[in-house]
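*Asks:* Those protein sequences? They're chains A and B, same order as listed. First residue of the first sequence: 2, per the working numbering; consecutive thereafter. First residue of the second sequence: 2, per the working numbering; consecutive thereafter.
Hints are computed from structural coordinates only; laboratory data are not their basis. You may find that some hints are simply not true.
What the hints assert, rightly or not - List of simulated lysine-lysine pairs, DSBU-like, C-alpha gap at most 35 Å:
hint : chain 1 : residue 1 : chain 2 : residue 2
1    : B       : K61       : B       : K71
2    : A       : K80       : B       : K80
3    : B       : K92       : A       : K80
4    : A       : K61       : B       : K71
5    : B       : K92       : B       : K71
6    : B       : K80       : B       : K92
Here is how the chains run, residue by residue.
Protein chains: 2
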Amino acid sequence: MSDVARLRQPRSDRARQVSDVLRRQIHGGAYESTLPSEQDLAHEFGASRNTVRAALSLLKGEGLIDRAPKVGTHVVGRKYEHGLDALLGLKETLRGYGEVRNEVRAASVITAPPAVAHRLQLDPGGPVVYVERLRYLGDLPLSLDQTYLEPEIGTELLEHDLECNDVFALIEEICDRPLGGADLALEALAADAHSAALLQTSEHAALLLLERLTALDDGRPVDLEYIRMRGDRITMRGSLARRPEPTGWEITT
Amino acid sequence: MSDVARLRQPRSDRARQVSDVLRRQIHGGAYESTLPSEQDLAHEFGASRNTVRAALSLLKGEGLIDRAPKVGTHVVGRKYEHGLDALLGLKETLRGYGEVRNEVRAASVITAPPAVAHRLQLDPGGPVVYVERLRYLGDLPLSLDQTYLEPEIGTELLEHDLECNDVFALIEEICDRPLGGADLALEALAADAHSAALLQTSEHAALLLLERLTALDDGRPVDLEYIRMRGDRITMRGSLARRPEPTGWEITT
């Protein structure tokens with residue numbers, strides 16, 4: 002039996018292996034704020050100290066840890082989990098972590114671009130409500146959300162407090178019926194300079210981009226969102242069955 | 002009613018708005034290979050030509066389109082969808098798009114790092130099977146997969162053809178029972194230089210990093226994977242219910 006070090010892979014491969022396991026350990030809260038010493042990690046992973054150093058250097062480059070001589074290796078970046086198992090707004094998701102507040106950057110009725118109208122099953126050229134919010138947990142910007150809303154619901158929604166509420170909760174209040182569910186497309190995208198500045202991260206930082214089309218429980222789509230989440234702050238977490246049961250819910254088409 | 006252009010947002014905001022809708026249109030196959038002219042797009046989005054030009058420049062920066070005078074704007078990057086609704090291997094997922102082949106970079110028994118042993122419910126310090134594959138669709142590298150397998154199953158799996166088969170299919174064949182499901186953690190991560198070179202993408206390109214712990218239908222975890230997917234080539238797609246039914250499946254702990 003060989004250990005990781007004896008796989009005879011280049012050090013960069015072994016460093017990646019170690020960094021991936023370490024990253025999840027850190028996000029999972031396995032270490033308080035200080036990581037074990039290079040020597041202890043080398044022993045734990047059956048790897049050389051040079052490999053461990055290269056792995057820690059990768060994690061430092063991601064902004065996840067900081068290292069200083071004598072002080073050791075510290076966790077600097079906390080991550081928050083967003084669920085892939087149930088449809089939740091950010092405020093519902095982060096309940097328990099702190100206060101979510103929204104900086105409303107735009108909120109008005111606009112002409113629906115045809116692609117947006119199509120997704121929301123609206124007449125092309127008709128109105129749609131557009132809301133743009135930068136969403137903070139405390140002082141930390143987590144996501145930049147662009148939201149297109151069915152115009153009747155959206156117009157009423159504009160009268161509500163958008164700074165302290167999830168759009169989901171407001172839609173359910175306005176319609177007096179629950180949301181049914183959403184279709185998602187999730188991608189990784191490098192931040193453009195402007196989005197990076199808004200999210201207080203670096204240009205080219207990796208973002209999660211979520212397109213989410215949400216419908217009421219009768220299947221009528223009412224809310225189309227494009228959400229940029231800081232990759233260094235949000236993990237999407239869920240579970241998948243090999244042979245899933247139907248959800249019993251579908252967007253009407 | 003105002004249109005997007007009249008929201009009085011800075012051009013960079015409007016360019017982002019337009020680019021997000023356009024990106025999904027392109028990925029959804031709304032355009033064959035050539036995009037409409039700047040003028041037509043400006044009309045479609047109720048935006049200025051300068052805004053459209055800035056939006057197209059964002060998409061060009063992502064490697065999604067190419068632009069040339071007189072020739073116009075062409076789609077250069079095709080994306081493939083990976084499901085978030087059912088647990089599928091890459092080969093199962095991309096059936097219909099072409100042949101998935103795996104370059105096996107490592108395949109051997111190693112000592113399980115404690116964190117890996119814990120996730121797979123193995124004895125710390127005991128053996129685990131490690132497999133590393135670079136996965137191609139035709140000539141296009143899509144993902145770099147690091148896989149830790151329960152040692153009994155893994156040892157038998159090493160005898161099989163890993164170049165042409167999904168690990169999932171092999172596990173089900175070896176165990177003669179189906180997989181139950183998996184727990185997922187999905188993040189966006191900038192590519193380190195070495196991973197970027199393997200995946201034939203640029204350093205700092207955005208990757209999707211998926212940690213996936215997969216169990217047999219009796220809930221026993223057998224397969225822990227760290228999968229780097231090219232952000233410019235893979236979209237994760239699924240649906241979510243507001244009040245989901247239990248999947249009837251769980252990893253035993």
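*Asks:* If a hint holds in the structure, say so; if it doesn't, say that too.
*Replies:* Now the hints, each set against the structure:
Between B/K61 and B/K71 the alpha-carbon distance is near 17 Å, which keeps this suggested pair within the 35 Å criterion. A C-alpha spacing of about 28 Å is found between A/K80 and B/K80, which places the hinted pair at or below 35 Å, so the restraint holds. With a C-alpha separation of about 31 Å, the suggested pairing of B/K92 with A/K80 holds against the 35 Å cut-off. For the suggested pair A/K61 and B/K71, the alpha carbons sit about 45 Å apart, so the restraint of at most 35 Å is broken.
A distance of roughly 40 Å separates the Cα atoms of B/K92 and B/K71; the hinted pair therefore is violated under the 35 Å criterion. Of the pairs offered as hints, the one joining B/K80 and B/K92 holds, with about 15 Å between alpha carbons and a cut-off of 35 Å not exceeded.
Checked against the numbered hints above, the structure breaks hints 4, 5 and satisfies the rest.
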